[in-house]
Structures are given as C-alpha cells and as structure tokens.
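With these hints in hand, go ahead and build the complete structure from the sequences.
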Amino acid sequence: MTQPVTPAAPEGSVAPDRSGALSTSSRGTRVLGALSLVGLVVLVLFSFAFSKPDAELGESIRIMYVHVSTVTAAYCLMLASAGFSIFAMWKRSQFADLAAHSTAEVATLLLGLTVVVGAIWGRMTWGVFWTWDARLTSTAILFLMYVGYLAVRSLPAGFRARSVRSGVVNLLAAAMIPVVRESVNWWASLHQNETALTLDPSISGLQYFTLMLSMVVFAVLAVWMVVHRFRVAWLEDQLSEVGLDAAIEARRKEAVGVVS
Amino acid sequence: MDPVVHLNSTVALAGRFPALAGVDLSVQPGEIVWLRGPNGAGKTTLLRLCAGLVPVAKGEARVLGVDLRTDRRSIRTRVGLLGHASGLYDELSVAENVRFWARCCGADPHEAEAAMERVDLAPRLRDLPVDRLSSGQRRRASLAAMLVRRPRLWLLDEPHAGLDSDARELVDRLMVEASEVGVTTLFASHELDRAAEVALRQVVIAGGVVVEDRSMREEAR
Amino acid sequence: MIRDALVIAGKDLRLEARSKVAVSQVLPFVLAVVLLFGFALDGESQVLQRVASGLFWATVLFAAVLVVQRSAAVERADGVTDALRMTALHPGGIFLGKVVSLLAQLLVVDVTLGLAMVVLYDVALSGVLLLTTCALLGSVAVAAAGALYGPLVAGARHRDTLLPLLMLPVLAPVLLAGARGFEIALGRGVGGGWQWAGMLGIVAGVYLALGIAVWGPLLEDT
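Protein chains in written order, with my numbering: chain A, 181 to 440; chain B, 735 to 955; chain C, 702 to 923.
The set of hints was computed from the structure by calculation and includes no laboratory data.
Among the hints, a few may not be true.
[To be verified] In silico SDA-like pairs for lysine to any residue, Cα to Cα no more than 25 Å straight-line:
| hint | chain 1 | residue 1 | chain 2 | residue 2 |
| --- | --- | --- | --- | --- |
| 1 | C | Lys721 | B | Pro863 |
| 2 | C | Lys721 | C | Leu826 |
| 3 | B | Lys792 | A | Ala337 |
| 4 | B | Lys792 | A | Ala426 |
| 5 | B | Lys792 | A | Phe267 |
| 6 | A | Lys433 | B | Glu794 |
| 7 | A | Lys433 | B | Pro863 |
| 8 | B | Lys792 | B | Glu946 |
| 9 | B | Lys792 | A | Ala427 |
| 10 | B | Lys792 | A | Arg342 |
| 11 | A | Lys271 | B | Pro863 |
All figures in this text were calculated on a predicted structure; none of them were measured in a lab.
Laid out in structure tokens, this is it:
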C-alpha cells in the first residue's frame, strides 16, 4: 500500500503549531487578524461613541457603516472571484480555482450579512424588515446567485469538471451583477419611494472618517477570511491527492501475477 | 510503414487515478488487435485514449499520425468508437440517428442506407425508434452509425457482448473485411473463443500496463 | 458554426416532436398555473389584469425550468454525450442549436400562456409590437441560460432541485424587465417600454456570448 503522504503546501503558508497539528495560520495572517481585531474595536468605538447621529438618518447611520462596507467588500471579492475563474478555466490552474472558490464563499457570506444588516436598518427606520429598495433587492438576488455557485461547487465531481462547471456559473453570476443592479435601479426609480441608504455625499468630518475606517477594516477582515479559507481548501484538495508516481507504482503492482 | 497507433509509456488519469500506468503499444495498419485483461485493467481507458477522449498525462501517444498530447480533437472524426452505451437517441429511428451522426461528422447522410445494409439491419427495423429494438439490434444500429463515418481506426469495447450468434459473426466478418482494406481494429473482449478466431494479435493488459503482447499466428490451429 | 447549430436544432426539435413532452406536460402546467392564480386571487378581474404581466413572466421562468430539464435529460441518455464529443461539431454551434430548439419550445409556451391570459383574465391586448419584442428577446435570454445550465447540471446527482436554484436568480432581470415592458405595452406602467426591451436584449446578448465562449470546455471536461 502507498505510504501516507504529507500534503504539499504553498510556500511558507502552513506551519505546525505547538501541538504539532497543521494550522492554516502564518505570520502574515496573524498580522492581518490582529489588525482586523484592533480595527473592529476602533470602529465600534468610533461608530458608537465618537461620531454623532446624523441629522437625517438619526442613530441608524451607525448601521450604515457596516452595511456599506460589507457590500463593497463583497463586490470586490466577486470581481476577484470572476477573474480567478477565468484564469482557472484558461490555464487549468488549481490555485486559481481554489482562490475563486474562497473569494466567492466569503463574498456570499458578506452579501448575506449585508442583507441582514439592511433588514435590521429597515426595521429601525420604518418598522419593517424588508423594503423593496433597489440595493437590498439586488443584493438579495446576487446572494442567491452565489449560493447557486456554492451548490454547484459542492457537487461531487472530478477536479477538472468541478472547476469548469463552477467557473461557468461564477462568470455568469459576475456578468449579471451590473445587469441586476441596473434593472433593479430603474425599477426602484419608478416607484420613487424610500430612497433608502443613499450614500449622502454631505456627510463629512467624523462620520466620513468612520465610514472610510469601516471600509478599510472590513476589507482587511475579508482578506484574512479569504486567506484562511483558501488554505483550508488547499489542504482539503491535497489530502485527496496521492503522489502520482506512487500511485503509478501501486497500479503497476496489480499487474504482477497476471498470467495470460 | 507508420504505425496507426503508437503509445510509448503512456499514462492516463481518471480523476487522480492512473488508469493507464505506462502503456507501450504499436499497431500497424490493417491489424486486428485483441485487448484482454481483468476488469479494471484499463482496456476501456486505452480505447478512449486512442479515440482522443482521454487526455495524455505522461508519455507519448500518436494515433493516425496525430500527436494526442497537443491535439486530441481532430482525431475524433477519423476513428470509430463503439462503447458499452449505444450512443443513439432512443426516441429517434435508426435511420434518423445514422443520418444525424453522419451529418455531425461531415459524412454523407445518404450513405446511411448502405451502412444499415452492411450491418444486416432489416428494413422494417430502420424506421423504428431505437428504444423499441432489442439490444442486439441496437448494437447493429450503433455499428451502422459508426460505419457511415468511414473511420480508419475502429475501437470496439466488448463488441460481442449481448449479441446472438448471427450478430457475432457479423461483427467478426466486418472486422476482417475492414482489415482487408487497411482499416485497423482494436477491440476489447472477454469472449475467448470468438476473439481468438478473428484477432491477429493478442495484447494482455493488467494494472494499466501491457503485460503480454503476442501474435496469434504463432498458435497454429 | 451556424450550420452545426441547425443540425443540432433540427435533431432536438425532431426529438421533441416525437416525444411531445413540451406539449403534453408543460403546456398543461402553464394552463394550470393561470387557473390556479385565478382561484387564488378570487377571480377578481381587476386584480388579475394588474398582475398579468408579472405572472406571465414568472410562469414562463418556471415552465422554462421544466423544458430545460427535459432537454438536458435527453442528452444524458446512453452515451450520447461521448458521441457528441466524437463529432466535428463546433461547440458554440451545438450551444446555438440548443438555444434555437429551446427558444422554439418557449415561444409555444409564450403564445399559449398569452392566449390563456387574454381569455381567462380578460386582458385587453395593446402595444403588440412591444409585447412581441419583449417576449422574443426575453425568451432568447431564458433559452440561452437554459442551454448553458441544463448540460452543466446534467451529470449531477441532485440536478432537479439545483437547476431552478441556478436559473431563477440569474434570470431575475429578465423577469423584471419583461414584466415592466409588458405592463407598459398593456397601458398600465409608467416610463419607456423600449428601455426594458433594450435591457432584455442586453441580457440575451450576454448569455449568448458567454454560452458560445464556454460551451467548449463544458462539453470536454464535464
């Protein structure tokens, strides 16, 4: 039988921790993680304590700090994911395929978070959890599209088949992002009601700073999650891979003893 | 003469599993080669590789002069693959199927009649939907769909399986007739008696490699 | 490529004519939906006429899932995919052929559904040019999405529930644009109907382009 093979890992990315088990953290991610944590704490301070309630939106502007950042980070990740998918299909790269998956998964999480936070905001402002606001509706549709991507990803299939199938779904979902947004925007403009969550350009000073801070913090957090997710995916894939030469050897042994 | 099939230490993967672990095989035009071996040995994968359906992971592979490592697609219309499945649309008639597949491969759909004639498919069956045929008749229909394309290399996976004796003789006769005009045949079969009669050469495959390769002519009958 | 598309479209349509699934199963489904919503909305013609546009497109999407499932199931039968790989057909051509055959079936659904609504919901027809354009472009978009996703989930185990999850969110803009376009054509909506028709055209174009581009790898590797 073949000997157990330690999974090959990207350079410097996987290191045994004190107990000897493999972990996906590294100096890089520890730095990112620490930054995220500190950033989140600072953000909370700024958004709840330091900045003042907005003249128009009241206390609920605090939610906006989170809502806008999660959706922005999600969009960036979705674009990155589409790029990785194209590369994976074109160059048959395993790295790109797993990167596409990790970014898409974190993006889905952030999209879901956006919808939830948006619902809470709606509840606070108008007492309803859902409003047929353009952004909320587009985000919900995009969320479902990417859930579909994850579903296709989880189908049992060979590496190549999974990579091509999910790549196609990813590309379609990404191509539809502008279409979904535009069409829902047109639609919402017809109704001319709740102009919810429009980024009021007249916010300034501390509020503006808090918003920018929030975007940065969530971006760092997103990257941290993607890196970890990617490494987990890499390890999962490696675990099912036996060194090709060893497998060939084992296969050839089957032939021994077969006489015509 | 250039070999029709030339494999040198060819490795082919099914997922991550090496179905072929280093096959060496060279087949001249007009030969009828019998592939033997236990189940899971890699016979089907070998046939599919020669058809250009399976990518070459390592080693060399040339079929009909085409290097399969760089170009698997162009070979496909020039070979005929007969697998376990029928490759026919159940709800269309035999004639419609043969004509359709002819059109797809750039062959003349009017040759469909001749192809069905060659496989002894009774005229009354030709316009019946495929799902109304018996398995033997379906095999003949699949053969007709292959013949209409006039492939130079035949790759047959268990061509005798499930056929009655008439149909088996037909398959053998077709292989011999084809070999006389320079068409090469590789077929995998578990039917020892039948295969021994028609094959010129016997290749035993096990564990993804060729373990034995001998000419049948040595065994005088 | 076009020639290949016609070969495939011809085969698909002949198969459909032989098996008549679209006619015998999907059309009754569509009629059932129209009737059921009539009941659900208490037969009030005011309400029914208001919802007709949206309901039309929602029903088209659901019917499309059925049609696509059927079309994909045919290709799964008995080694036919391998046989397709063994041909000289251009993958983009195969894709277009499937789009054409799906489109033909969807147009039959569109017409039947439209007639049913005119009769049962007492919808007054107007703006026929806009209606037809929207229906045509929207159906092309739906057919293209179906031709892409159908084979994609074809090899998969839980394909029946996966296909709607994949197709419906991605076709949401078609539903939106189609419904609004219809409303304007029927004199109920506000704004420019041809804007929505344009949106439908864009979606159709995106899908067709993507489908032609990725069908090769999809056929090869899955």
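Give me the numbers of the hints this structure contradicts, sorted from smallest to largest.
Failing hints, ascending: 2, 7, 11.
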